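Construct the entire structure; sequences and hints are all you get.
Just so you know, the sequences run in chain order A and B.
Counting from 0, one number per residue, gives the positions in the first sequence under numbering that gives the first Met the number 0.
Counting from 0, one number per residue, gives the positions in the second sequence under numbering that gives the first Met the number 0.
Hints may contain errors.
[What the hints assert, rightly or not] Pairs of lysine to aspartate or glutamate residues, derived as EDC-like cross-links and limited to a Cα-Cα distance of at most 20 Å, are as follows:
id	chain 1	residue 1	chain 2	residue 2
1	A	15	A	121
2	A	8	B	31
3	B	8	A	150
4	B	100	B	141
5	B	15	B	166
6	A	173	B	142
7	A	8	B	2
8	A	100	B	104
9	B	100	A	104
10	B	8	A	2
11	B	100	A	177
12	B	140	B	69
13	A	8	A	166
14	B	8	A	177
15	A	8	B	166
16	B	173	A	31
17	B	8	A	27
18	B	173	A	27
19	A	173	B	69
20	B	8	A	69
[To be verified] Here's a subset of chain A near chain B, in silico, CB distances under 7 Å, partners left out:
id	residue
21	37
22	52
23	72
24	78
25	110
26	115
27	122
28	181
29	182
30	183
[Claimed, not checked] Now the in silico label distances, taken between C-beta atoms and shown as ranges:
id	chain 1	residue 1	chain 2	residue 2	range
31	A	164	B	69	17 to 27 Å
32	A	181	B	139	14 to 24 Å
33	A	181	B	84	49 to 59 Å
34	B	74	A	167	22 to 32 Å
35	A	61	B	167	46 to 56 Å
36	A	81	B	169	31 to 41 Å
37	A	153	B	181	11 to 21 Å
38	A	54	B	153	34 to 44 Å
39	A	83	B	144	49 to 59 Å
40	B	69	A	172	43 to 53 Å
Quick caveat, the hints were computed from the structure, so don't treat them as lab data.
Since the structure is predicted, the reported quantities are computational estimates derived from the model, not experimental observations.
Don't be surprised by glycine CBs; every beta carbon is placed ideally from N, CA and C.
2 protein chains.
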Amino acid sequence: MNDVLNAIKNRRSVRKYKPDQISQEELDLILEAGMYAPSYGNQQPWHFTVIQNQNLLEHIDRTIREEIAEARIESFRSLRANPDFRATYGAPTLVVVSGRKDGSDWRVDCSAAIQNMLLAAESLNIGSVWLGFMTFYFERKEEVEKLGIPEGYEPFYGVLLGYRADDQPAFAPKRNMDVVNYIR
Amino acid sequence: MNDVLNAIKNRRSVRKYKPDQISQEELDLILEAGMYAPSYGNQQPWHFTVIQNQNLLEHIDRTIREEIAEARIESFRSLRANPDFRATYGAPTLVVVSGRKDGSDWRVDCSAAIQNMLLAAESLNIGSVWLGFMTFYFERKEEVEKLGIPEGYEPFYGVLLGYRADDQPAFAPKRNMDVVNYIR
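Quick look at the structure:
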């Protein structure tokens, strides 16, 4: 096993962060990793909004929790019932990844960029999670307008970054290995 | 720079392969890297069809070239005019990645799995490319049926794997770094 394979296997979604901010150097390396994802025809159809303003992070957390409370999915509503639940998990940095809507397959390219960012963070001993909850926030168009996303881009997902508050769990959730067939 | 960041920055799409087959051990590590991608609710909505049959690989190449010849996109038609063009670039292994159609956001999860596989290959000094051309093949439903993809899964993209026929180019194509804004 080499360091790349180890990072891929050991990376975990982190849902509890220290308040300390990551360094600009670390952030730059993580963003650059995103930019080095492959893309359809090298279109590089991504944009990154780095949110480190504590008031805005708390506002995003509250907004998502309000949306979750109204969600039809039962497991989401039960999260809202937990008074300790925070949709942004106390992370000091949130990167909103947006895609250029005229990109040939921009969601796919942006997903590759996000996975690069998660692995880059892992390699720097920084916790991260692909924040699906952000899609609740994106439903509020008037909120999204405040993020300064350039014209022609659509917000896609969020990535939280920060130092882990707890030790990394030893094992990733069990994988289903029975998902391969061969034609030889 | 650590090995993970280096793999992310140095990885290139490889479009010329040696005919030698990669080892089963290498293939297993690459597939496992795909399986360790994060996914929505840990649904792991991916399936991998490993094609190493030379006749089938050549048939896929021919089929894609026929479809490209009919494509409305001019750059694709000009590829067809090049007698040396091979849609599968002579690679000895093609992995078809399919997604479980009832997955919450299966295209995104499968994209993360593919990016993991590309980086795992890079870490093992194996060339790879995210094969967008495969979508031409998937348009022929009667061909897709021969691949043994399980019920409920939809073919998504292909990944070619093999040893590079040429040295890795020194630099990745230039990245547009002007894609970040900050809210602090």
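**OP:** Please name the hints from earlier in the document that this structure breaks, with their numbers sorted from lowest to highest.
**Re:** Violated hints (numbers, rising): 3, 6, 14, 15, 19, 20, 23, 24, 31, 33, 34 and 36; every other hint is consistent with the structure.
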